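**Q** The primary structure of each chain is shown beneath.
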Amino acid sequence: MYGTGLMKGMAVVLKTMLFKPPFTVQYPEQRVEPPRRFRGASFVWYEDRCTGCSTCAKACPQGNIEIVTSAGQYNQYFVEKFDIDHLRCMFCGLCVEACPYDALFMGGDFENASYSRAALVVGKKLLNAAAPTRIPSSYFHPELDHIDITSGRPVPEIRKAEQEKNQDIGWASR
Amino acid sequence: MTLRTDPVTINFGPHHPSTHGVFQMRITADGEVITNLEPVMGYLHRGCEKLSEGRTYTQLVPLTDRLDYLSPMSNNVACVLAAEKLGEIPVPERAQYIRVIMAELQRLANHGAMTGFLLNDLGTFFTLFHYTMREREKILDLFEMTCGTRVTVSYMRPGGVLQDLPEEFMPRLRALLDELPQRLDEYEALITENEIVLARTKGVGVMPREMALAAGCSGPMLRGSGVKWDIRKNDPYGIYDRFQFDIPVGTNGDVYDRYWVRIQEMRQSVRILEQAYRDIPQGDVRTRLPLFFRLPTGEAYARIEAPKGELGFYLVSDGGIAPYRLHVRSPSFINLGVLRDLTVGYTVADAVITLGSVDIVLGEVDR
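Chains as they are written, first to last, in our numbering: chain Y, 69 to 242; chain X, 6 to 372.
FYI, nobody ran anything at the bench for these hints, they're computed from the structure. None of these values were measured; they are calculated from a predicted model. Possibly wrong hints are sitting among the right ones.
Derived pair list, reagent style PhoX-like, types lysine-lysine, alpha-carbon separation capped at 25 Å [unchecked claim]:
| hint | chain 1 | residue 1 | chain 2 | residue 2 |
| --- | --- | --- | --- | --- |
| 1 | Y | Lys149 | Y | Lys192 |
| 2 | X | Lys238 | X | Lys90 |
| 3 | X | Lys207 | X | Lys233 |
| 4 | Y | Lys126 | Y | Lys149 |
| 5 | Y | Lys76 | X | Lys207 |
| 6 | Y | Lys76 | Y | Lys88 |
| 7 | Y | Lys193 | Y | Lys126 |
| 8 | X | Lys55 | X | Lys90 |
| 9 | Y | Lys193 | Y | Lys149 |
| 10 | X | Lys143 | Y | Lys83 |
| 11 | Y | Lys88 | X | Lys143 |
| 12 | Y | Lys126 | X | Lys55 |
Quick list of the computed label-pair ranges, beta carbon to beta carbon [as the list claims (entries may be wrong)]:
| hint | chain 1 | residue 1 | chain 2 | residue 2 | range |
| --- | --- | --- | --- | --- | --- |
| 13 | Y | Glu97 | X | Arg214 | 49 to 59 Å |
| 14 | X | His20 | Y | Ser182 | 20 to 30 Å |
| 15 | Y | Val136 | X | His20 | 37 to 47 Å |
| 16 | X | Arg247 | Y | Pro90 | 32 to 42 Å |
| 17 | Y | Gln141 | X | Gly288 | 43 to 53 Å |
Note that CB positions come from ideal geometry on N, CA and C, so glycine has one too.
Excised from the complex, chain X in its bound form (with noise of 0.2 Å):
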């Protein structure tokens, strides 16, 4: 005799820590399984990109911290690579390598944050957490002896950087280099081979190479189903096509695979860091610009490798000091849009891993 039960619809959030931010679930469940989900978001909606539109170039730079608060270096550098990409603005070398140093320390932070949050998702109660967010803190030490900050950074700047580094950043970061790869290891030896992880994370939230590519996925996402694309080396822009690293992808576009390609791309960031390390140069970190500057009529987008995936910006600008039109391509958002496929068929407790797997960032997503 099989049992009839009614469907059952669950508002998972807003409010649930698991969910990363302000974002619900309306999650429809036949017993356990999931029969369909719906994604809610908007709660944490600021209006960044009309906020935008009356602010100058410079002035963008603190509020694209506050979209993606997880790694706001990469957003900075996204920000002005766009203007500078309008103005044709110089940067100089100097300034460049920090970019790459900055970014790929943000990407060490946010991959680190993010497969704690997962451990945490899967019931691992704050022990890796608590290991991830210990390697973080030294790098944003390492930010806010820079710029001052530790995650409202606005360090980069239209034609450069904000400031030089500090002396003593140099034989920090070395230190930290130093050190990364052993924490690393650790968190492989806590989970890669951990017999209850693989038995939560393999074969759930499995998405083809199809489905990935048709809807637009990038990052870890992407090659995480096997795709092979990073805009580092498929389009470099600044000077990532002087440094050596691997793509890391995975085989079968399941959560355990997102995690792997994850835990794979902060190993070739120590390796980026330790190029950008050996060959920074001396010299100025920042082209002089009027204080309200303007660009001149036209549009540009540049994207960028950030953590999470393809981050870019569209400006318009009609000329004037302000851009007429800002329209910010995150990809917490378009990496959002698959989760309804990814999740029917499982149970609730998948749908928690798969959300954690795909690495949001709610003010990324509302904007």
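With the rest of the complex left out, here is chain Y (with noise of 0.2 Å):
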């Protein structure tokens, strides 16, 4: 009979309509928190471990990352420069899977406008800044997946993480 498969199809819409719940979220109201792994715009960049190699500019796509060293002594490098240019950024996360001495990380935040162009250029000042209140993303970092994250100063928790994955493998594993 003519019309049967509109029934159907009705009756579908019907019973979305009546007994299923809203699946969307009022954004600035409601939130959904990303996932722990999130590759997001917050760069966590630590200066005691970062020597200056130079690895995570290499390993950029688009050539983001400006590193200016000098040398000291002892064959020591001085990080004198560390520039994150987000105008350009896409947030791929290779610089990280570079970094040989975990001193970069994603971070969780992607509400990153701003009325300057200069104002996001993220140098070593604000990195610095940032560094002791910012929670590192897990992204390439499997080990900081169940962290505490409510805890305002994570860097102990990373750290008391991370010392328990360098009794594992390792680089491999990840």
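Assembling the complex is the task here: the two chains are given apart, and the hints tell you how they should meet.
**A** Okay, structure coming up:
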């Protein structure tokens, strides 16, 4: 009979309309927390771990990271400049993957609109100021998947999780 | 008395929502019947092939996300397969299974989105689209918890995948697999027997089997015309030879058959996912490679059955850390070649749904 297919369709629509809760979230008021591995914009960089080797800068497909180092005594390098250009960054995470010293992490933030272009080139000063409070993403660092992110100072927790990981095999298992 | 009308040229697009991107159809119509159609593309050309010549093999992967942005996982797989084929890089067992899971989830997401868009083109204002997007959202959530982003995933690496699945992935996948067959039944209840859909899609945009073969069409376009050709079966890559699944084929090669083939493929994808869920082993997910590894001089062509058809990456290496030349055989572009033949003689409204049934993504057409 003509119309039975239509009726079947309407039954599905009615069922969904009446008995299913809305799937959408009213964004500015309600929020969905991104997962721990979210590759966000707020990079976390620990200067004490960074040796200025520029592996991250080489791994970056766009060449966003600018590093200037100066030589100190005893084969030591000081990182003079560590600029990440968020304007061109596509958050692919290859820099985090390349870092041999676990100094660079992705962050969990995604609201990075700014009124000026200059503010989106994040330098050493800003990264240093933010490092103690920002929670690093567990992207490419699965040992951080379950750290307690509610505590305001996550760094000790991260150290602990990493120590546990280092007893394990390491790079290849990630 | 017959009325004589002058032919009208309609610039359909590039900013028309029904062209699925920045694609222009220059339609010459006599009344409402199309007498000629000229596809105009290139508005989204970003030079991905040239860009890739300055990038290492790992850095190619984020680039391929941007080709077919509705199925980035499949693109990733094809890209790294070419590098692995040339360098004879081994891939661990678990990584192979993860690739299959990701590629099949991506097929579900892509076909869902395509079916939703097709119904939009037919005038079902966002009803089915919302349903399919709801399921796609759950799949993208799985991607996000695995690799950190929803669309620009960059998950595959030469020699495996980026990192292992998180602990909560498998239970979430199980829940999704339990839910999906029911959802697919719902989609079918909405469309497959719907009289309006049948009236609009049956016998429209008919592509005979010979034309499909001559034009080099692939994927659901080819199978909709009744050719049983699926690279997962006919030229298996990865571990696809271990899975049991059928290849659905259409009979008439019209818009309806192309839609039907896609819905049946989604059911087969669920079947493959069930097997992968059952069989996935523990172990390494990545072969250790240097940061800038070199591939031997030579060339390799790797092809996969992407959701839209045969996606191939042709890689030429001169022994350096970056490819000497990369060519992408994109299914959308080649499937578009028959658009003129499919639409001439039908109305403008039929051209819209025919284009919808080709399932193009302009990022891939223009590269």
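**Q** For glutamate 97 of chain Y and arginine 214 of chain X, compare the CB-CB distance with the range 49 to 59 Å and indicate the outcome.
**A** holds (54 Å)
**Q** Given the hint of 20 to 30 Å, is the C-beta distance from histidine 20 of chain X to serine 182 of chain Y inside that range or not?
**A** holds (28 Å)
**Q** Is the Cα-Cα distance between lysine 143 of chain X and lysine 83 of chain Y 25 Å or less?
**A** holds (20 Å)
**Q** So if I understand the rule, the pair passes when the alpha-carbon distance is 25 Å or less; does lysine 149 of chain Y with lysine 192 of chain Y pass?
**A** Holds, at about 6 Å.
**Q** Could you check the hint for me, namely that glutamine 141 of chain Y and glycine 288 of chain X are 43 to 53 Å apart, CB to CB?
**A** Hint holds: Cβ distance 46 Å, inside 43 to 53 Å.
**Q** Is the Cα-Cα distance between lysine 193 of chain Y and lysine 126 of chain Y 25 Å or less?
**A** Holds, at roughly 22 Å.
**Q** Does the beta carbon distance between valine 136 of chain Y and histidine 20 of chain X stay inside 37 to 47 Å, or does it fall outside?
**A** Hint holds: Cβ distance 44 Å, inside 37 to 47 Å.
**Q** Given the hinted pair lysine 88 of chain Y and lysine 143 of chain X, is their alpha-carbon gap at most 25 Å?
**A** Since the Cα atoms of lysine 88 of chain Y and lysine 143 of chain X sit roughly 16 Å apart, the hinted pair holds (cutoff 25 Å).
**Q** Using the C-beta atoms of arginine 247 of chain X and proline 90 of chain Y, is the stated range 32 to 42 Å upheld?
**A** Given a distance of about 41 Å, which is inside 32 to 42 Å, the answer is holds.
**Q** With the threshold set at 25 Å, check whether the alpha-carbon distance from lysine 193 of chain Y to lysine 149 of chain Y stays at or below it.
**A** Holds, at roughly 9 Å.
**Q** Hinted pair, alpha-carbon criterion (25 Å max): lysine 76 of chain Y, lysine 88 of chain Y. Please report holds or violated.
**A** At roughly 17 Å apart (the allowed maximum being 25 Å), lysine 88 of chain Y and lysine 76 of chain Y satisfy the hint.
**Q** With a cut-off of 25 Å on the C-alpha distance, tell me whether lysine 207 of chain X and lysine 233 of chain X pass.
**A** holds (21 Å)
Checked against the numbered hints given earlier, this structure breaks none of them.
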